[in-house]
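Peer 1: Could you slot chains B and C onto chain A? The hints should help.
Residue numbers (the numbering used here), protein chains in the order written: chain A, 1 to 718; chain B, 719 to 870; chain C, 871 to 1084.
Hints may be right or wrong, so weigh each one.
Claimed, not checked - Calculated cross-link-like contacts (lysine-lysine; reagent style BS3-like; alpha-carbon spacing at most 27 Å):
hint, chain 1, residue 1, chain 2, residue 2
1, A, Lys103, A, Lys356
2, A, Lys307, A, Lys475
3, A, Lys306, A, Lys475
4, B, Lys800, B, Lys834
5, A, Lys254, B, Lys748
6, B, Lys748, A, Lys252
7, C, Lys921, C, Lys933
8, A, Lys449, A, Lys534
9, A, Lys284, A, Lys254
10, A, Lys380, A, Lys356
11, A, Lys606, B, Lys834
12, A, Lys36, B, Lys834
13, C, Lys1034, C, Lys1016
14, B, Lys748, A, Lys356
15, A, Lys291, A, Lys314
What the hints assert, rightly or not - Not everything, but these chain B residues come out facing chain C in the computed CB check (under 10 Å):
hint, residue
16, Asp732
17, Asp736
18, Cys756
19, Gly762
20, Met771
21, Cys776
22, Thr778
23, Thr782
24, Gly785
25, Ser824
26, Ala827
27, Pro835
28, Ala838
29, Leu848
In short, the hints are calculated from the structure, not lab data. Each residue gets a CB set at the ideal place from its N, CA and C atoms; glycine is no exception.
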Amino acid sequence: MTLQQISSTRRAFLAGSGLIIGLALAPRLSAFAAPKGVQAGGEDALTALNAFVKIGTDDTVTVLSKHIEFGQGPFTGLATLVAEELDADWSQMRAVHSPADDKIYANLAFGLQGTGGSTSIGNSYEQLRKAGATARAMLVAAAAEEWGVPAGEITVEKGRIKHTASGKESGFGALTVKAATQTPPENPKLKDPSQFVLIGQELPKLDTVGKTNGTAIFTLDIATDDMLIAVVAHPDHFGASLKSFDDSDARKVKGVIDVKQVPQGIAVYADNTYSALKGRDSLKIEWDLSKAETRSSKELEADYAKKFAEMGLKATNNGDVETAFGKEGVQTIEAELVFPFLAHAPMEPLDAVFMKAADGSLDVYTGAQFPGMDLMTAAKIVGLDPSKVRVNTQLTGGSFGRKAQFGSPYMQEAASVYAATDGTRPVKHMWTREDDIRGGFYRPMYAHKMRGAIDAEGRIVAWDQVIVGQSIMGKADLDETSVEGASNLPYVIPNLRVTSHNVALVVPPLWWRSVGHTHTGFAVETFVDELLQKVGKDPVEGRLALLTNEPRHMGTLKKVAEMADWGSTVPDGRSRGVAVVKSFGTYVAQIVEISTGDDGAPRVHKVWCAVDCGVAINPNVIKAQMEGGIGYGLGAVLFDAVTLGDGGKIMQSNFHDYRSLRINEMPAVDVAVIASTEKPTGVGEPGVPPIGPAVANAWRRLTGSPVRRLPIVNIVTS
Amino acid sequence: MVTFTLNGQERTFDGDPDTPLLWVIRDFEKLTGTKYGCGVAQCGACTVHLDGMTRRSCITPISTVDGSEVITIEGIEGPEAKAVQAAWVAIDVPQCGYCQSGQIMSAVALLQVTPKPSDADIDGAMAGNLCRCATYHRIRQAIHNAADAMEG
Amino acid sequence: MKKFAIASGVAAIGVAASLLAATFSLAQDNPAEQSAPLKPAAEFQSITDAKQRSWALFEEAGKVIQHPRCVNCHPATERPLQTMAMHPHQPPVVRGEGGMGMPGMTCNTCHGAANVDVVGQAETLKSIPGNAAWHLAPIEMAWQGKTLGEICRQIKDPERNGGKTLAEITEHMAHDSLVGWGWQPGAGREPVPGSQAVFGELIAAWVESGAACQ
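So that you can see chain A by itself, here it is in the shape it has in the complex (with noise of 0.2 Å):
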């Protein structure tokens, strides 16, 4: 294509495509409305039958989401369970964040409100099941009442409320009202799995048309006229804080309005958003760095490394390790394994808007993980009575994990911007990509030692585990977290010991997307794989061997080498590698096929992924976490890593070096969801563990090199 043919390529365009270049004399101010944030729990205008489920009167049903919807589909999930036993049509249903309040809409996994450890539809499972057959059992009561017939004559289906006998039937917004005075039973009784209309079926999620137009409202979006919007510099060490600044060109930046000192850095308030980052820009800062990390992540490394010779928590001590390594003839297999630190990188940056209504009070907009901890947080530090502060969770693009903190620390950023104000004007407060990459809270640093024995018969006899890392839990004794899928490993191994050492750091650590799962997935299942291989046993096999124990595992695991049709054969320059990992009570197995791609590093193909999650509520949703588990981990063990470098700066900044899976580098991806009738478990987290070892599985029977070292791109640069 020359220039001149783009050129009218674009006319052709404009020409074809039916727009009407409006001429019309356009009125100064924009043509378009402000888009204003979403109120937790729904219109005030709904009648609340408890407080998960509100009917309107033109039939719709909302269901007050105690998670955030981000990505991993609680709306949809927990709209299915209500409108299951509510004997609702999926037409009617509705999808809100419910507000704040950590004793009625606690995570009943966690004591507080919260989304996490991918247990959104476990814990809800019951309770909101519970609440669709309450607020049937009201509307059944209040129709026997209006139409004068007995309750048990009255059926229900697909949102009509019927009576057969007198011929009456109405929809569910003609008698909320009155439902909403019935007396709600007590124990209403829940419908047996075999009878489930909704539940395992593939319905439309409900937040899908909203993000397909533009009209889905995240907090980034949230405007009004009068709004100031607010960046924060910060020091680009960890431990860093501000010895000295000088605003005097920021503020000549036109459109800047104030800067402030606040605890986390240097805030610059302006009327828009390039105004504030041009005004962040022109800050002259300097930090002082006494305090700071500034060893570089090779130093840590060493430092790691040093801990393997020292004895360490025990997680696992199962049998005589020591004997066993020590007999004759017994063969040791040894592996030292380095995971980096990893930003979440959620595509929407951490944001917040603060707006005061007339009462005084305060609504706060956010993508609320622990909305209870961000309401407390955020009250606490702009100085208001808990009560008189509203936290309105909003649709949030992704999390990964990094907007559950305790203690809010986000949030601690944010009121304090918005509590360094006047507080008349409303402000959003929002981090860019470089703030999101070199904010901390990773996946910490892990640095494990494997031992494995192989008696003369071939047997593993032994395995032998140390982890090094943060505790992120910030425990001084063992940290479960640390050492969760390797002090419970699956495979039947009579001397098992797994040890921890905690490393004090100020970077500070978080949970990332299975958590502990992320590197003890990798080193079991790539450790075990290596095991295999010396004693020539098949991987799926061979593992099938040791989980005697695990019948769910072994069924994924069947399924899977099914699915690829495993033991046939692969085409030249193809390997294939398999993994299986339990986390958070879902079993995954997957195995990939890869090649070398033409920069050097895997390529991966395609993907087979069997889950066992328990009754599947929503297949496709299930579906969905997988693909999107497997892109989320294979993106980060082909390319990402934090790296501190020389005096601890922090080396990456954004996607340019902080790389993320491309479109191109996604492999094709076949899932199969076990059936079952143990309760459900969760699927956001799980399907990321077992894709790092199954490539690495395959990279290492395909080049004969093991992956010592993530991310697996180093190999080819190094």
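Peer 2: Using the frame of chain A, we list chains B and C on its own:
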């Protein structure tokens, strides 16, 4: 003073001429379907159509838009747009949804020039649009489906 | 508009560049924003042997031709390159028709008629390069991975130089605006050596002295 059309309406802007089109669209015009994701043309969340072709609005100074026609997700029309949006809905492509406006703008631009794209054509058009939820598998499928639907 | 880097970034950028290279980074160059010197054609007058002088002139011009700033858009594959380390371009754009990218992601999706400063974002990505004619050189004009002698013969070969005469080559090197971008590559990018005028004179002198190739 910069004059341009936005989704068919004539608009003017008399602020800092270096202001990226992205922030003019979002902050001044209050059209927020076009997203900020990186600010450096690496993620594609800010993709709009500028004179009929995809453009990363985050690195497009408004001064360069004078006399041009800008279409955002809110204003996209035509058979390709309809087919793409319908295909997106039919197989529930979005997860968090934040990147999807940009994905759709790129997909529509692709189909306007290449009505029956191969997988390589899809990579060529879409590799500049990041999706951290990794909905790529479905994006690819939806584009093929949209092409099939348009063929009838 | 001169930006002031947040914190102690400036001092650490040298370190950054070396470390980032090891992690397959696509960050910009160590911003040595000054051109390296380029000897003017006159300095080669002392070489009496015309062929030797001619090749010496081309060798000097080769400092420009083989500079990553130029080779990055004369790739030997379907992907342009980026940075002084010559990484494959990210996002992964491909050549497409006329070297303008593929429908849906043409060069002008990101590259405008002029360089654009990026404000308030990554300190390692200070600008997006641009030129009205931004596109890749055709594959037959690929320079990536070739010796200067090979490039020299290629430049003279009408089959592989777009059917240009040597006079047209001289004109192109001396005055083409996209070639000239190499000396004005935008903030954060090291320009090619010398100036386009000196470069143009070197090419002209090379042609005049017989356009010798090694």
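Peer 1: Which of the numbered hints are not met once you compare them with the structure shown?
Peer 2: 12, 15, 16 and 24
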